[in-house]
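Use the sequences and the hints to build the structure in full.
Each protein sequence line maps, in turn, to chains A and B.
Per the working numbering, the very first residue in the first sequence carries number 1; after that it's consecutive.
Per the working numbering, the very first residue in the second sequence carries number 1; after that it's consecutive.
Just so you know, the hints here were simulated from the structure itself, not pulled from any lab data.
Please read these numbers as outputs of a predicted model, since none were measured by experiment.
Keep in mind that the hints are not guaranteed to be accurate.
[What the hints assert, rightly or not] Derived contacts from chain B toward chain A, CB cut-off under 8 angstroms, selection only:
1) R11
2) P13
3) E16
4) I25
5) A36
6) R40
[Claimed, not checked] Here's a subset of chain B near chain A, in silico, CB distances under 10 angstroms, partners left out:
7) L4
8) K10
9) R15
10) L24
11) A29
Using N, Cα and C, we set each Cβ at its ideal position, and we do this for glycine too.
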Amino acid sequence: MNCKYSESELMGMLRNPTERERGFRCLLDAYGNKLYWHIRRMVVSREDAEDAMQETSIKIFSKLDSFKGESSLFTWVYSIATNEALQVLRRRCGLFRSLDGEGVGEILRETLYAETDMDASSAEVLFQEALLKLPTQQRLAFNMRYYDELPYEEISEITGKNVSTLKSNYHFAVEKIKNHIKENAI
Amino acid sequence: MKGLEEFAGKRMPYREGDEYVSRLIADSAERAIAGAAVVRQRRAAVILPRLIAVAAAMALAVLVFTALNKDSDYESYRKSPTLSEVLSSMSDESLMCVSSYEIEDIPEYEE
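Here you go:
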């Protein structure tokens with residue numbers, strides 16, 4: 001698909017009923033890959049990631065009218081994807097279990113081992129293992145900062161947490177990952 | 001951060017390649033568009049019969065209420081005793097109470 005549009009051009013297309021569908025396809029063409037991997041990193045399971053990606057697409061398309069343009073289009077779609085990912089995690093790990101509890105990490109690590117590519121390096125697996133030991137909020141902040149390189153201000157808009165909390169989340173996440181690697185690297 | 005990047009990079013240890021993800025995203029976009037169209041049609045198909053059903057239920061309720069209450073005023077009027085019957089059934093004392101009052105009991109009419 002040939003979609004080389006700026007955010008404002010995309011916005012124009014999405015607001016125009018005759019161009020909305022094309023605009024939506026271009027929107028997913030531009031950001032879909034990032035959204036998918038963001039979800040996949042959070043939910044770990046490929047099947048769950050595909051479901052959450054589908055739900056995200058449906059929500060984005062059905063809520064286009066409610067997008068006021070107060071944040072960037074990317075921030076908005078990324079927030080929807082984040083919510084969907086957390087929703088899936090909650091469903092998967094039990095509604096009454098806290099997402100920051102140890103049990104959640106265990107479930108996700110089992111999924112990681114089951115779905116790891118045979119060609120993946122042991123460093124990649126160890127790194128993911130360390131990530132899945134983090135509480136969900138720290139993991140979320142780490143993923144957004146490390147993988148998607150989002151500025152703290154944007155992460156703050158997406159998660160509703162303040163910048164200093166996010167910075168400390170990220171800092172603790174890095175320390176814990178480093179320690180895990182140090183303790184487990186062969 | 002360089003340390004972590006050097007250690008494992010940003011690659012994920014999963015199987016799906018770029019092509020697979022692109023197709024998945026394109027499919028999910030198409031399904032979202034098709035789903036929205038179906039929802040619109042379904043909503044239109046559901047709303048009209050619902051409106052008709054609600055209007056019919058309201059009309060029926062009004063009819064039933066009217067039918068049940070149609071004769072009640074007339075019946076109670078028809079069955080009520082006449083003034084002379086009421087007066088003749090009253091004791092003398094009661095009649096005195098009704099007919100005699102002090103002029104002060106009448107409230108003053110103010111304009």
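Hints and how they fare:
1. For R11/B, the interface hint holds, the least distance from its beta-carbon to any beta-carbon of chain A being 6 angstroms, beneath 8 angstroms.
2. At its closest, the beta carbon of P13/B sits 3 angstroms from a beta carbon of chain A; the interface hint therefore holds under the 8 angstroms criterion.
3. Hint on E16/B holds. Least Cβ distance to chain A is approximately 7 angstroms, under the 8 angstroms limit.
4. Nearest Cβ of chain A to the Cβ of I25/B: about 3 angstroms, under the 8 angstroms cut. The hint holds.
5. Interface hint status for A36/B: upheld, as the beta-carbon distance to the closest one in chain A is roughly 6 angstroms, under 8 angstroms.
6. Among the interface hints, the one on R40/B is violated; its C-beta lies about 10 angstroms from the nearest C-beta in chain A, farther than the 8 angstroms criterion.
7. Using the Cβ-Cβ criterion of 10 angstroms, the hint placing L4/B at the interface with chain A is satisfied: the shortest such distance is roughly 6 angstroms.
8. Annotation: K10/B was flagged as interfacial toward chain A, and the flag holds, the nearest CB pair being 6 angstroms apart, inside 10 angstroms.
9. The closest approach between the C-beta of R15/B and any C-beta of chain A is roughly 5 angstroms, which is under the 10 angstroms cut-off, so the hint is satisfied.
10. Interface restraint check: L24/B against chain A, minimum CB-CB distance 6 angstroms, threshold 10 angstroms, status holds.
11. Against a cut-off of 10 angstroms between C-beta atoms, the interface hint on A29/B holds, since the closest Cβ of chain A lies about 4 angstroms away.
Comparing the model with each earlier hint shows a violation of hint 6 alone; every other hint is respected.
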